[in-house]
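Student: Throw the hints in and build the complete structure from the sequences for me.
Protein chains in written order, with this note's numbering: chain A, 82 to 380; chain B, 20 to 302.
Calculated from the structure, these hints are not laboratory results. C-beta atoms are modelled at their ideal positions from N, C-alpha and C, and glycine is treated no differently. Certain hints may be false.
[What the hints assert, rightly or not] In silico DSS-like links for lysine-lysine, alpha-carbon gap of 27 Å or less:
no.: 1; chain 1: B; residue 1: K75; chain 2: A; residue 2: K303
no.: 2; chain 1: A; residue 1: K334; chain 2: B; residue 2: K36
no.: 3; chain 1: A; residue 1: K197; chain 2: A; residue 2: K208
no.: 4; chain 1: A; residue 1: K139; chain 2: B; residue 2: K154
no.: 5; chain 1: B; residue 1: K257; chain 2: A; residue 2: K344
no.: 6; chain 1: A; residue 1: K208; chain 2: A; residue 2: K278
no.: 7; chain 1: A; residue 1: K303; chain 2: B; residue 2: K36
no.: 8; chain 1: A; residue 1: K167; chain 2: A; residue 2: K197
no.: 9; chain 1: A; residue 1: K131; chain 2: A; residue 2: K278
[What the hints assert, rightly or not] Among the chain A residues that face chain B by a calculated CB cut under 7 Å, a handful are:
no.: 10; residue: R92
no.: 11; residue: G138
no.: 12; residue: K139
no.: 13; residue: A239
no.: 14; residue: D302
no.: 15; residue: T306
no.: 16; residue: V308
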Amino acid sequence: MSKKNDLITRRDFVKGASCAALGMAIGLPVIANEVAKEVTKSRVVLVRDKYAVASNGKINGEVIQRMLDQAVTALFDRKDPVDCWKALIKPDDIVGIKSNEWHYLPTTTQVEQAIKKRVMDAGVLEKNIGIDDRGVLRNPIFRKATALINARPMRTHAWSGVGSLIKNYIMFDPNPPNYHENACAPLGKLWELPIVKGKTRLNVLVLFTPLFYGVGPHHFDKTYTWVYGGLAVGADPVAVDSVGLRLFQAKRKEYFGGERPIKPAAHHIAFADTRYHLGTSDPSKIDLVKLGWEEGVLI
Amino acid sequence: MATEAARAVPNEILDWKVTDTVETYDRESIFDYINGAGEVYRSYAFRDVTVWRFSKPDAPDITVEIFDMGSPDDAYGVFSHTRESEESGIGGGYEQRGSVLCFWQNRYYVCLAAYESTDDVRQVVTMLARIIAQKLPQSGGIPNLIGLLPQEGMVEHTQRFFHIHASLNYHYYLAEQNILRLSDSTNAVLAVYEPGTTWLLCVEYPSAQEAEEAHGSFVENYLPEAAETGVAMVDVDKWVSASKLGRYVVITFDAVSRARSTKLADAMKISLIDANLGTGNDQ
Chain A
82 MSKKNDLITR RDFVKGASCA ALGMAIGLPV IANEVAKEVT KSRVVLVRDK YAVASNGKIN
142 GEVIQRMLDQ AVTALFDRKD PVDCWKALIK PDDIVGIKSN EWHYLPTTTQ VEQAIKKRVM
202 DAGVLEKNIG IDDRGVLRNP IFRKATALIN ARPMRTHAWS GVGSLIKNYI MFDPNPPNYH
262 ENACAPLGKL WELPIVKGKT RLNVLVLFTP LFYGVGPHHF DKTYTWVYGG LAVGADPVAV
322 DSVGLRLFQA KRKEYFGGER PIKPAAHHIA FADTRYHLGT SDPSKIDLVK LGWEEGVLI
Chain B
20 MATEAARAVP NEILDWKVTD TVETYDRESI FDYINGAGEV YRSYAFRDVT VWRFSKPDAP
80 DITVEIFDMG SPDDAYGVFS HTRESEESGI GGGYEQRGSV LCFWQNRYYV CLAAYESTDD
140 VRQVVTMLAR IIAQKLPQSG GIPNLIGLLP QEGMVEHTQR FFHIHASLNY HYYLAEQNIL
200 RLSDSTNAVL AVYEPGTTWL LCVEYPSAQE AEEAHGSFVE NYLPEAAETG VAMVDVDKWV
260 SASKLGRYVV ITFDAVSRAR STKLADAMKI SLIDANLGTG NDQ
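Tutor: Structural data, given as structure tokens:
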């Protein structure tokens, strides 16, 4: 008897200890031969500001706008944020800002409005800009969108490991459970849907007060959030999610005093790279640029 | 909504009052309530969940959820899915972490949660949980297979009860494919043992033939070098064994030695035999 060639088991990634640090360092079942391909470095800008979140928990919109501007100028090596947005968005684009409304930890209106302002600065009429989450399939702006901006917080998730930028597009399919198989391994396939394919111009991972640990299958407990005051921004959603995942593992290690892999493994991020070729998950191939508040940056 | 669940929830406790909005979600609509995490419940025989919200001016709301899991085994199973500690005194067992308290009782899995964990909230959550537990049906023991796990060397609170492949991968990532042929019709238990971190998995199949086929699939796809002996070292000081006994497949992962691997598997099989299971006469 012999093992079938297309079978992927735990033994494969135990043997593949030399594979991307991602899988081995954080418990992801990433297969060595699936990540071996050469990729161009994907840039991710992590910008933090200690004043992004006030002591009462309120988000400072002015600070957020400044952070977003810093992020895009660093991302695209330009001085003027509006120039960056003009390179991303054309005045005749119809722009959907895909948000996330989970009431405990939403994208926040401050982030949505900061993005919207810059999209308008790029020349897009307000009537051609939509912000939505669960209603995207019914939203006329999203149905005819020519450009998407993807923005959401990262949080732990009982079935996918983390709620990620990749996962944020699940509402673009009328049947989200189609992507639940094997701890949401196929989430990268979402990005091949005609309604989104090739339209995403920017990904913004909100890391203001991330939920790094979940109690029970679905509960939110503020105890397991912390003020990080960050945004991770990039053109490559896989790379940005990979950075977020590293941050979560670092925070869990700090908080619990030892390795505490995310369960289930957030392998949809690695598979988005190796199987769906959506971007880069390997940290060694990600150009991480860190700006702003350094204390407690963790990664 | 099950009447007995509705009867178990009071209209008020201390100064928290239940709001008018009581919602019920079934196997299909649960995604409207908790999106993808609903799959955790659907991996068991979950029927529905009813949700109550208690509010008090200038205090965090408290949410009460009563999940009808279809059977006591599955109520225990979903409780065991994420529990890291367990205390007795509420239901069949409970865990309180931060502002969330969950317990299981009979076929119900009950969670009480608040946005913030203040002393007041923790006190009222505990009190409310006790009231609900008193009113729900009392009976409902742990799954038979959980009771048969060898006790010697078991790490506390690591026992899990589940049915499907995705649940196994949650606790111990085995393979992307379902090489053990787990399904809604299989019952599986998993626990961690010392020394080291040895995992013991025991799966009950509907028939001895299905167990044999699953065992064959596992050996073929995961442990081909152990086709004859049933045990092999897969990495440095990590031994895996696989054996079958009637309707049961017993596997140990990551044991520190061959002897430890087979000894733990043997202890499980002795438990099955002592319980008159696994002999082929229990079908």
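Student: For each hint, tell me whether it holds in the structure or not.
Tutor: Do the hints match the structure? See the list:
1. Among the hinted pairs, K75/B with K303/A is consistent with the structure: their alpha-carbon atoms are about 19 Å apart, no more than 27 Å.
2. Between K334/A and K36/B, the direct Cα distance comes to roughly 39 Å. Violation of the 27 Å bound is thereby established for this hinted pair.
3. Between K197/A and K208/A, the direct Cα distance comes to roughly 11 Å. Compliance with the 27 Å bound is thereby established for this hinted pair.
4. Under the criterion of a C-alpha separation no larger than 27 Å, the hint pairing K139/A with K154/B is inconsistent with the structure, at around 41 Å.
5. Among the hinted pairs, K257/B with K344/A is consistent with the structure: their alpha-carbon atoms are about 22 Å apart, no more than 27 Å.
6. For the suggested pair K208/A and K278/A, the alpha carbons sit about 23 Å apart, so the restraint of at most 27 Å is met.
7. Annotation: proposed proximity of K303/A to K36/B holds, straight-line Cα distance about 23 Å (limit 27 Å).
8. Using a Cα cut-off of 27 Å, the hinted pair K167/A and K197/A holds, with the two alpha carbons roughly 13 Å apart.
9. Of the pairs offered as hints, the one joining K131/A and K278/A is violated, with about 36 Å between alpha carbons and a cut-off of 27 Å exceeded.
10. Interface hint status for R92/A: upheld, as the beta-carbon distance to the closest one in chain B is roughly 6 Å, under 7 Å.
11. The closest approach between the C-beta of G138/A and any C-beta of chain B is roughly 11 Å, which is over the 7 Å cut-off, so the hint fails.
12. Contact between K139/A and chain B, as hinted, is not supported at the beta carbon level, the nearest pair being about 16 Å apart and thus beyond 7 Å.
13. Because the smallest distance between the Cβ of A239/A and any Cβ of chain B comes to about 4 Å, under 7 Å, the interface hint for this residue holds.
14. For D302/A, the interface hint holds, since its Cβ comes within 7 Å of a Cβ in chain B; the closest pair sits about 4 Å apart.
15. Checking T306/A against chain B: minimum C-beta separation of about 11 Å lies over 7 Å; hint violated.
16. The criterion of a C-beta within 7 Å of any C-beta in chain B is not met by V308/A, whose closest approach is roughly 15 Å, and the hint is violated.
Hints 2, 4, 9, 11, 12, 15 and 16 from the list above are not met by this structure, while the remaining hints are.
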